[in-house]
Amino acid sequence: MSFDFSDLEKLAADISKVPDNAGPLIRKAVEVTARNVKDTAAQSVKGGASSWKALPDAIDYDLNGQGSNQFSSQLNAEIGYNKAKAAGKLGNLREFGAPGKRLVPHNDLATALAQNQDDFTNGLSKAIADAEKAAGL
Amino acid sequence: MTALIARCELDPALEGCTYDSQVLNGTDPQKYVVLYLQRTIPYERAGASDPIAYDWLLTVHSVGMTAVQARLVSSKVVQQLAGFRIAIDGWRQTKCRLINSEPIDFDTGVQPPIAYGVDQFTWRSDAA
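Taken in sequence, the protein lines are chains A and B.
In terms of the numbering used here, the numbers along the first sequence are unbroken and rise by one, the last being 137.
In terms of the numbering used here, the numbers along the second sequence are unbroken and rise by one, the last being 1128.
Bear in mind the hints are in silico, worked out from the structure with no lab data behind them.
Be aware that one or more of the hints could be misleading.
Said to hold, decoys possible - Here's a subset of chain B near chain A, in silico, CB distances under 8 angstroms, partners left out:
#1 Val1034
#2 Leu1035
#3 Tyr1036
#4 Glu1044
#5 Gly1047
#6 Asp1055
#7 Thr1059
#8 Met1065
#9 Thr1066
#10 Gln1069
#11 Leu1098
#12 Ser1101
#13 Val1110
Backbone N, C-alpha and C fix where the C-beta goes; we use that ideal spot for every residue, glycine too.
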């Protein structure tokens, strides 16, 4: 009995090309979602009481990683209140609340993340599909 | 909410804690837990009027007079709630999952300041 592994080898070889093409596309997908989460959360904070008026502008994101397997295959985006910005230090109170002041948690960031989850999954799928297409798969 | 509180109170260390209340100036709460429950996203099926699923976000303030006490309360809360499956009539729930733990912070809005930790849990309800 014999098996023909040629197709399998080709597939393995083709897939090995994908990371080179996929990195920048995945980075783009992560960055687009990070920006969307930031905008959604800022919009939610804006809709709150006027005492939070400086807070929406304190939300930003950091994108870490190159999206290139030559340097690092790890990519992550950190979205949240920038404590260096005006009112940024109050972000924790807005997001998580405080028991002494009966300040309820608003969870703007957590909700924004959940709202953009499907878009993120779709973006990643599209990035992989585009990379596979570029690799001739 | 009653089921979540009852679940917390299964731990002897959390028994007798105050739930969903405010620390007032001059009081000594020792330790207590505040639970906030938020229903986040309704999942809908095209053409159907009722949602088919919900995501829940539970935020818990674990309060103590010191950071050590708040940390103890927080660890007990996590032990009780992580992996707990709540029962809601007509809905099928996933297990309660810990998604975030914030470091102990101090609320100076009351005197003396109180220490509190924040833990967040999530689960999904699907229509049975």
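Could you check if Thr1059/B really has its C-beta closer than 8 angstroms to a C-beta on chain A?
Where the cut-off is 8 angstroms and the nearest Cβ of chain A is about 4 angstroms from Thr1059/B, the hint holds.
Glu1044/B as an interface hint toward chain A, with CB separation required under 8 angstroms
violated, 13 angstroms
Val1110/B as chain A interface residue, shortest Cβ-Cβ below 8 angstroms:
Nearest chain A Cβ about 4 angstroms off; hint holds.
Would you settle whether the hint for Tyr1036/B is holds or violated, based on the nearest Cβ-Cβ distance to chain A being less than 8 angstroms?
Since chain A brings a Cβ to about 5 angstroms from Tyr1036/B, closer than 8 angstroms, the hint holds.
Hint validity - Gln1069/B Cβ closer than 8 angstroms to any chain A Cβ:
violated, 13 angstroms
Under 8 angstroms is the threshold here; is the Cβ of Thr1066/B close enough to any Cβ of chain A for the hint to stand?
Thr1066/B check fails; min Cβ-Cβ to chain A is 14 angstroms, beyond 8 angstroms.
Holds or violated: the hint that Met1065/B contacts chain A, with Cβ atoms closer than 8 angstroms.
Check failed: Cβ of Met1065/B comes no nearer than 12 angstroms to chain A, outside 8 angstroms.
Minimum beta-carbon distance criterion (8 angstroms), Val1034/B to chain A:
holds, 5 angstroms
Is the interface hint for Leu1098/B satisfied, with its Cβ closer than 8 angstroms to some Cβ of chain A?
violated, 13 angstroms
Does Gly1047/B pass the interface check with chain A, least Cβ-Cβ distance below 8 angstroms?
violated, 19 angstroms
So, as I understand it, the hint says Ser1101/B touches chain A; can you test that by seeing if any CB pair is closer than 8 angstroms?
At about 11 angstroms, which exceeds the 8 angstroms cut-off, the nearest Cβ of chain A leaves the hint on Ser1101/B violated.
Status of the hint placing Leu1035/B at chain A (closest C-beta pair under 8 angstroms):
violated, 10 angstroms
Going through the hint list in order, the structure does not satisfy hints 2, 4, 5, 8, 9, 10, 11 and 12.
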